[in-house]
Amino acid sequence: MTTYIVRRILMAIPLLFLITIISFAMMQMAPGDPTALMMDPMIKKENLEAYKEANGLNDNVMVQYFRWLGNMVQGDFGYSLIRQGVPVSELLLARLPNTLLLMGVSSVIAFLISIPLGVISATKRNSLTDYSITFVSFLGIATPNFWIGLMLIMFTSVHMGWFPTGGVSTLGSPFSLWDRLHHLILPAFVLATADMAGLTRYSRSSMLEVLRQDYIRTAKANGFKNKTVIFKHGLRNGLIPIITILGLMLPSFIGGSVIVESIFAWPGIGLLFIDGAFQRDYPVIMAVVVIAATLVVIGNLLADVLYAIFDPRIEY
Amino acid sequence: MFKNRFLLLIILALMLIVSACSDGEIKDSGKEKEKEGEDKPKVEEVEKSGGSLVLGTTAAPTLFNPLFSTDTSSSTIEGFIFGGLVTVDRDFNPEGDLAESWEFTEDGLKWTFYLRKGVKWHDGEDFTADDVVFTYGIPKDKAYVGPRGLPFENIKEVNKIDDYTVEMILSEPYAPFITITAQFEILPKHILGDVPIADLATHRFNTKEPIGTGPFKFKEWKDGEYIELVANEDYFKGKPKLDSIIYKIVPDENTLMAQLQVGDVSMTGISPQYVEMAKKLESEGTVALSTGASNSWEYIGYNLRNELFQDKLVRQALTHAIDKEAIVQAVLDGAGIVANGPGSPANWSFNPDMPKFEYDQDEAKKKLKEAGWEPGADGIMEKDGKKFEFVLKTTSANEIRMQIAEIVQQQLNEIGIKASIELLEWSAYVEQTGPPVWNFDAIVAGWSIGSDPDPTWFWHTSEIENGLNYGAYSNEKVDKLLSENTLISDLEERKRIIGEADAIVAEDQPSSFLYHPNGTLATAPNLKGPIFNASNTYYKIHEWYFE
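Chains Z and L, in that order, give the protein sequences.
At position 233 of the first sequence (counting the first as 1) the number is 233 in full-length UniProt numbering, and the numbers step up by one without a gap.
At position 193 of the second sequence (counting the first as 1) the number is 193 in full-length UniProt numbering, and the numbers step up by one without a gap.
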């Protein structure tokens, strides 16, 4: 097991390396540079050139990449080109906890809603309930979450006043756990909707698979109550493959966070990334790419390890 | 066993959430921790009655140093924190700020500023002439790489006469000196004086602890959330009535409107596509609106490097083919004024009597015919076997301009001109259309005039190579008038010259001038003070208050 984990981590290094090369190349290929924002009649051309020179923007792309890589490996993400003088690591540290919190709560919500729905769907296969759940799931897959987000803001926040319209906490109020949670519910729910539909479908088919097994029939034949059979014998085994989904959900969470964070004014790395991308703030873009890629790699590794823990048949 | 593991997982997950919840502030070093400790007793501050002004914006600022920032959010906040020698009132008239008064010699070369006495920096130090000399020296320094070099270029000398008198000598008369250069905010010498000029752009003063002389003091910048400023009790024009300003960042405009509606934001600018919604909120009594002409114009700019657009008749014909009034109605819901030439009715230099090329398809066809263009077999205009086809570029960052592009495409199609639309992301758009690429046939764009109306930037031949004259418009007479305009200190005389130049430009139609948009400001109904104007939105903000 330990050797497996170590091997996986070692394998992740070239992968991350490759990701940085591709991202860096794409970023450089995109037209424009950070000075596009400074289009202004008050700029002297020589000052603009000096700015580019001072920030190494005139160097060969390879030189720029290896300079960045060398610093990154030593844990130095450099300085923002737009927020001059502010280290990228400072921005990341301020934002990452917000995003992790959002993603954590979102996945809990997604699991708490989807798994029961999937189980109900499976046990009542081809019933009206099953069809309704399937219908709602597909509706969920088909609806973009920015739209769900805006609708929820309009109805639950503006009209009903149940939730705040955005942000992480009430401005100027002292810290309170309830206040934080209150601000968290809507964005976390919206982020969760992206995966909820798929997860419901997944747990439904996983449960159906298990319910067809011989041991379920044996259990039923032994005279156990239906409830016991489904929840004790069926669910435990049916849940195992869903752990894999956990790892697969991370990329979509990270992608979704860009949108959800914009809509709910949630200061996370998704928002940092999108600002960085529009302003061509290269060090910020690259830092977020590295963080996101690392999260995904860790997420997948974690899923595999958990799988082995929960399913004794699997050994690495 | 299985059960325990599962339980453990859930407990772990919950712990993660709770710890993340309670730990929003990241402590990455010992220093930060100490700072946090100092900040703690902020809870009991909320007793005074002045209230807190929450300004909503979609764009986060970058840094608070007027000599290094270029974005609107940063300069707005700089206006609260710092003071300049001179400011402008709501009609672009210069008004004393840190300078109580000023005078200049008849040749416009020597300016003397008499500074206010008793002004204190936010840290309690005295403001003196040394600070002025220091600040004006920065952009003149060889090591300066910031974006504000040009306005200071004509300054030959800055001399301290005594602690409260500064004299500036210009190399040639420069009319925007008082409306642009003298308005730059002054920086504290006692803090930044020893910092090498090359390091100023990245100094922590700009993002962590800006110290100014303005009505509000910097308190906190919560990255991605807000910037908090508190009233400067010792402000030299009187203690602000508001307790604090919170500059809140709401990236999504729909959300910003929702926040305005529930009162989470007490003031914000309304972009044209939301004006209708804002009017509805006004009728419900949720917000108060204030509106007026803004200092800008929208246009279809032609690249005169392209043969298609080199004939003045053709350009006039294109303008005749565009129904500007319909555009104003369609994209702005009527909240704009049809433009005939450059400038803005909000500005003192505006010329209301420029040549007009009104919507008239027959006239357009007639002029095209005169220029040698005839309809071909497929209905598209042709000349010497060449079809009148071009690409109209604009940026996807601006919804209004995308709509304009579509309408213009259709209207031109009606007289047999084929325009295809290409949308570009903002940075890509800037790179493709600006120097030295100029890869465009025509663009939908807009210009806004700063606190000085000097049109040199847009039309002077010298601005083609590196400047904002993207379309490469060149007219000797205009060049001569524009070169003259900045040398004249007399306002009336300058107005006449700018007006004359603008009229020639309007006759030449290097762009089809479309309209001057109205600006709209939404505020909480009980907020007293703000009035929409194109000149100085936050004029006398220290007198604003909540009822």
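Calculated from the structure, these hints are not laboratory results.
Heads up, a few of these hints could be off.
As the list claims (entries may be wrong) - Below, computed lysine to aspartate or glutamate pairings styled on EDC-like, alpha-carbon distance capped at 20 Å: (1) Z/Lys-44 to L/Asp-71; (2) Z/Lys-227 to L/Asp-199; (3) Z/Lys-44 to L/Glu-153; (4) Z/Lys-44 to L/Asp-194; (5) Z/Lys-45 to L/Asp-71; (6) Z/Lys-45 to L/Asp-194; (7) Z/Lys-52 to L/Asp-194; (8) L/Lys-222 to Z/Asp-179; (9) Z/Lys-45 to L/Glu-431; (10) L/Lys-208 to Z/Glu-90; (11) Z/Lys-44 to L/Asp-199; (12) L/Lys-142 to L/Asp-194; (13) L/Lys-142 to Z/Asp-179; (14) Z/Lys-45 to L/Glu-167; (15) Z/Lys-52 to L/Glu-167; (16) Z/Lys-44 to L/Glu-431; (17) L/Lys-140 to L/Glu-167; (18) L/Lys-140 to Z/Glu-46; (19) L/Lys-219 to Z/Glu-46.
Stated by the list, open to error - To list a few chain L residues with every Cβ distance to chain Z over 12 Å, as calculated: (20) Leu-63; (21) Lys-189; (22) Glu-233; (23) Ala-258; (24) Ser-283; (25) Ala-428; (26) Gly-467.
Yeah, the Cβ is synthetic: ideal placement off N, Cα and C, and Gly gets one too.
Here is what the structure says about each hint:
1. Z/Lys-44 to L/Asp-71: holds (17 Å)
2. Z/Lys-227 to L/Asp-199: The hint is violated at about 71 Å.
3. Z/Lys-44 to L/Glu-153: Distance ~9 Å between Z/Lys-44 and L/Glu-153 Cα, so the pair holds.
4. Z/Lys-44 to L/Asp-194: Between Z/Lys-44 and L/Asp-194 the Cα gap is close to 25 Å, so the pair fails against 20 Å, i.e. violated.
5. Z/Lys-45 to L/Asp-71: Distance of about 18 Å is within 20 Å: holds.
6. Z/Lys-45 to L/Asp-194: violated (27 Å)
7. Z/Lys-52 to L/Asp-194: Status violated; Cα separation ~25 Å.
8. L/Lys-222 to Z/Asp-179: Since the Cα atoms of L/Lys-222 and Z/Asp-179 sit roughly 17 Å apart, the hinted pair holds (cutoff 20 Å).
9. Z/Lys-45 to L/Glu-431: Holds - the C-alpha atoms of L/Glu-431 and Z/Lys-45 are around 15 Å apart, at most 20 Å.
10. L/Lys-208 to Z/Glu-90: Holds - the C-alpha atoms of Z/Glu-90 and L/Lys-208 are around 12 Å apart, at most 20 Å.
11. Z/Lys-44 to L/Asp-199: holds (19 Å)
12. L/Lys-142 to L/Asp-194: Answer holds: L/Lys-142 to L/Asp-194 is near 16 Å, not above 20 Å.
13. L/Lys-142 to Z/Asp-179: violated (52 Å)
14. Z/Lys-45 to L/Glu-167: Outside the cut-off at roughly 28 Å; violated.
15. Z/Lys-52 to L/Glu-167: Roughly 34 Å separates the two Cα atoms, so the pair is violated.
16. Z/Lys-44 to L/Glu-431: Given pair Z/Lys-44, L/Glu-431 holds - Cα atoms ~17 Å apart, limit 20 Å.
17. L/Lys-140 to L/Glu-167: Holds, at roughly 16 Å.
18. L/Lys-140 to Z/Glu-46: Holds, because 13 Å separates the two Cα atoms, which is no more than 20 Å.
19. L/Lys-219 to Z/Glu-46: violated (35 Å)
20. Leu-63: Its Cβ does come within 12 Å of chain Z, the nearest being 6 Å, so this is violated.
21. Lys-189: holds (20 Å)
22. Glu-233: holds (19 Å)
23. Ala-258: violated (5 Å)
24. Ser-283: At roughly 16 Å from the nearest Cβ of chain Z, L/Ser-283 sits farther out than 12 Å, so the non-interface label holds.
25. Ala-428: Label violated. Min Cβ-Cβ 4 Å, cutoff 12 Å.
26. Gly-467: It is violated; L/Gly-467 is separated from chain Z by about 7 Å at its closest Cβ, not greater than 12 Å.
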